[in-house]
Amino acid sequence: MNFTRRDTLALGAGATALALLPLRAMAQADPNAEMVGGPDDFLAGADAGTGDLTLTAPEIAENGNTVPISVDAPGAVEIRVYALGNPTPGIATFRFGPLAGAQAASTRVRLAGTQDVQAIAKMADGSYVTAMKTVKVTIGGCGG
Amino acid sequence: MISRRDFLQVSMAASAMLGASGFGNWARLAAQQKLTQDQLLQFDTFGNVSLIHVTDIHAQLMPIYFREPSVNIGVGGNKGAVPHVTGADFRKLYGIEDGSPSHYALSSGDFSALAQGYGRVGGMDRVATVVNSIRADRPDALLLDGGDTWHGSYTCYHTEGQDMVNVMNGLKPDAMTFHWEFTLGSERVQELVENLPFAALGQNIFDAEWDEPLPDLFPPYKFFERGGVKIAVIGQAFPYMPIANPRWMFPEFSFGIRDENMQAMVDEVRAQGAELVVCLSHNGFDVDKKMASKVTGIDVILTGHTHDALPEPVLVGDTILIASGSNGKFVSRVDLDVQNGRMMGFRHKLIPIFSDVIAPDPTMTSLIQEQRAPYKADLEEVIGQTDSLLYRRGNFNGTWDDLICDALLSEREADIAMSPGVRWGPSLIPGDDITREDIWNVTSMTYGEAYRSEMTGEFIKVILEDVGDNIFNPDPYYQQGGDMVRIGGMGYRCDVTKPQGERISNMTLLSTGEAIDPAKTYVVAGWASVNEGTEGPQIWDVVESHIRKQGTVSIAPRDNVEVVGI
Chain G
1 MNFTRRDTLA
11 LGAGATALAL
21 LPLRAMAQAD
31 PNAEMVGGPD
41 DFLAGADAGT
51 GDLTLTAPEI
61 AENGNTVPIS
71 VDAPGAVEIR
81 VYALGNPTPG
91 IATFRFGPLA
101 GAQAASTRVR
111 LAGTQDVQAI
121 AKMADGSYVT
131 AMKTVKVTIG
141 GCGG
Chain Z
1 MISRRDFLQV
11 SMAASAMLGA
21 SGFGNWARLA
31 AQQKLTQDQL
41 LQFDTFGNVS
51 LIHVTDIHAQ
61 LMPIYFREPS
71 VNIGVGGNKG
81 AVPHVTGADF
91 RKLYGIEDGS
101 PSHYALSSGD
111 FSALAQGYGR
121 VGGMDRVATV
131 VNSIRADRPD
141 ALLLDGGDTW
151 HGSYTCYHTE
161 GQDMVNVMNG
171 LKPDAMTFHW
181 EFTLGSERVQ
191 ELVENLPFAA
201 LGQNIFDAEW
211 DEPLPDLFPP
221 YKFFERGGVK
231 IAVIGQAFPY
241 MPIANPRWMF
251 PEFSFGIRDE
261 NMQAMVDEVR
271 AQGAELVVCL
281 SHNGFDVDKK
291 MASKVTGIDV
301 ILTGHTHDAL
311 PEPVLVGDTI
321 LIASGSNGKF
331 VSRVDLDVQN
341 GRMMGFRHKL
351 IPIFSDVIAP
361 DPTMTSLIQE
371 QRAPYKADLE
381 EVIGQTDSLL
391 YRRGNFNGTW
401 DDLICDALLS
411 EREADIAMSP
421 GVRWGPSLIP
431 GDDITREDIW
441 NVTSMTYGEA
451 YRSEMTGEFI
461 KVILEDVGDN
471 IFNPDPYYQQ
481 GGDMVRIGGM
491 GYRCDVTKPQ
501 GERISNMTLL
511 STGEAIDPAK
521 TYVVAGWASV
531 NEGTEGPQIW
541 DVVESHIRKQ
551 GTVSIAPRDN
561 VEVVGI
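Read top to bottom, the protein sequences are chains G and Z.
When we follow UniProt numbering, the leftmost residue of the first sequence carries the number 1, and every step to the right adds one.
When we follow UniProt numbering, the leftmost residue of the second sequence carries the number 1, and every step to the right adds one.
Derived from the structure by calculation, the hints contain no laboratory data.
Errors might be hidden in some of the hints.
Straight-line Cα separation of at most 25 Å, DSS-like style, residue types lysine-lysine; simulated pairs [as the list claims (entries may be wrong)]:
no.	chain 1	residue 1	chain 2	residue 2
1	Z	K92	Z	K79
2	G	K133	Z	K79
3	Z	K549	Z	K461
4	G	K133	Z	K294
5	Z	K92	G	K133
6	Z	K92	Z	K172
Partial chain Z-side listing against chain G, Cβ under 8 Å, derived [what the hints assert, rightly or not]:
no.	residue
7	S186
8	R188
9	Q190
10	P215
11	P219
12	W248
13	E252
14	I463
15	D466
Note that the coordinates shown come from a computational prediction; the quantities given were computed from them, not determined experimentally.
For glycine and all other residues, C-beta sits at the position ideal for the given N, C-alpha and C.
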């Protein structure tokens with residue numbers, strides 16, 4: 001995979017976060033994951049419903065260059081995160097082995113502007129669930 | 001001036017007459033209901049717990065005038081809902097008689113005339129009298145400060161918040177949460193907070209680097225045992241501080257609504273035996289309404305930030321929301337009956353602080369004078385006079401900001417002026433002197449540099465659209481709780497129903513009557529930039545210089561903003 005500078009930033013921050021969270025360290029940002037393309041490439045024709053996947057992200061980013069996000073999907077084998085408005089939407093792939101204590105991960109992402117962030121979790125039975133959140137990136141000021 | 005007896009008819013005790021037996025029972029309050037002074041002071045103490053709420057004082061130690069907004073547009077699910085009801089509609093909704101003290105205290109319309117009759121409001125020595133009288137009824141009442149306390153005046157600026165800390169310590173609050181306090185800078189905020197004799201709460205104040213809570217400096221909650229009831233007070237600081245205010249001044253801190261963490265905290269305190277859960281919030285009213293619908297288990301939210309004053313609580317599920325105004329103009333008292341870990345009923349009163357009616361507390365008066373003494377001559381210097389009502393509150397403009405924009409246009413030789421849509425800042429009535437203190441009351445901040453820069457027409461539109469979405473996004477969680485940036489030298493149309501990017505149209509340069517050209521560059525002067533390294537004279541000096549030249553200022557109502565879609 002060709003790392004863009006943006007990807008490197010995101011993964012670098014994620015690695016730091018993971019280092020501090022040993023219980024969650026079973027999840028790793030897989031350097032070999034194919035993040036080319038968008039959600040449709042990952043789903044490959046399958047439907048993603050809503051279910052036990054929590055995507056946590058701020059409503060308004062404090063700093064669009066480093067937005068903390070986390071995903072949590074009990075029973076997932078893999079979670080992918082996409083910033084749908086970025087030039088390269090794929091942000092991260094987290095794969096969870098059978099010994100993972102929790103199927104949760106945190107990282108930071110850079111967002112080019114106000115956009116939807118989407119997480120898709122592949123469950124052990126091969127089904128997919130998804131969650132979406134709009135993150136606003138604003139020029140700020142004028143708060144009362 | 002009104003007599004003490006008249007004042008008692010004002011005290012909005014109608015909601016106090018209700019709610020004794022539980023929820024959902026309030027009829028329209030009769031604001032004209034006759035009360036005696038004894039009734040006011042006794043409040044017919046109810047239940048076993050009393051909460052006293054003050055918020056958004058903005059360093060107003062002295063009595064002031066404060067005109068409530070006439071334009072406060074609600075969008076999405078909050079269209080037409082309180083607090084987005086103003087003027088005559090507000091009075092009709094709450095059964096308030098035109099011209100009554102409640103009219104003057106709570107709504108806009110005939111403000112200058114009523115202000116002549118009813119006089120100033122607020123003053124922390126008057127607030128102290130009210131707090132003391134509540135404590136006489138209920139010695140263990142909890143006093144909770146919703147924040148925006150250490151900001152907004154000449155003395156607060158020059159003492160870096162110390163005047164307010166000293167005065168509030170005299171009031172002896174039990175807990176506080178935060179917003180503008182952080183614009184004193186991380187170091188100063190930490191210094192003040194570490195020495196506070198009461199709790200500094202914020203479940204949503206996190207370390208920015210690790211996105212982790214900071215329980216030593218800003219604990220999420222504190223337990224109090226009052227009236228035999230185990231009470232948890234959870235703090236909620238302003239969620240959008242690093243966006244609405246300069247992030248570089250407090251880079252170590254991160255905020256956000258974090259309602260999932262709020263739920264976790266509520267669950268945690270309930271598990272520890274909390275029988276009453278109170279959220280001391282600086283979210284803003286609509287954000288709190290939404291949060292109350294998502295987070296279960298909060299009994300009372302003491303709202304702040306959006307400066308709304310409501311004579312009755314708003315009920316969301318089983319949560320009551322209290323809105324206590326701003327600038328020291330109101331104190332809310334909420335009495336609660338808590339039995340077997342459940343809130344069984346409440347009695348509420350929004351007490352307006354009529355400065356000429358409520359006797360000042362002498363101890364507090366001298367404490368306030370002590371803070372002001374070193375600056376007395378500077379504060380009192382008369383810079384000019386006003387022929388017009390000068391006020392700020394309103395979604396789009398106010399005469400104070402029109403005057404500030406005029407000052408920017410002329411003193412900074414600009415085509416277009418921008419003034420931030422903050423909601424603090426008292427009013428002046430026609431005939432008033434304008435003192436240096438008055439100017440600082442509407443401009444004081446730690447990043448007041450008045451910049452002068454070139455912007456394309458396209459970028460000016462981007463700014464208006466961006467700020468517009470902070471107010472008119474139909475989802476309250478995406479609102480920041482301020483008002484629209486004020487514009488001088490330019491007109492525009494705003495359709496509040498449209499999405500971001502489509503709200504602003506018909507931008508016109510007033511000096512020529514020509515449409516703003518997206519590609520053309522204009523000289524723009526403004527203040528309160530969130531960007532580090534902003535250069536320029538301080539806004540209060542710009543305004544002072546302008547007013548000196550004017551002598552007497554006259555600001556006629558302006559129509560440079562056309563609002564559609566209401």
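For each hint, the structure was consulted:
no., hint, result
1, Z/K92 to Z/K79, "holds, 17 Å"
2, G/K133 to Z/K79, "holds, 24 Å"
3, Z/K549 to Z/K461, "violated, 32 Å"
4, G/K133 to Z/K294, "holds, 16 Å"
5, Z/K92 to G/K133, "violated, 40 Å"
6, Z/K92 to Z/K172, "violated, 37 Å"
7, S186, "violated, 15 Å"
8, R188, "violated, 19 Å"
9, Q190, "violated, 19 Å"
10, P215, "violated, 16 Å"
11, P219, "violated, 21 Å"
12, W248, "violated, 11 Å"
13, E252, "violated, 12 Å"
14, I463, "holds, 7 Å"
15, D466, "holds, 5 Å"
Hint compliance for this structure: hints 3, 5, 6, 7, 8, 9, 10, 11, 12 and 13 are broken, all remaining hints hold.
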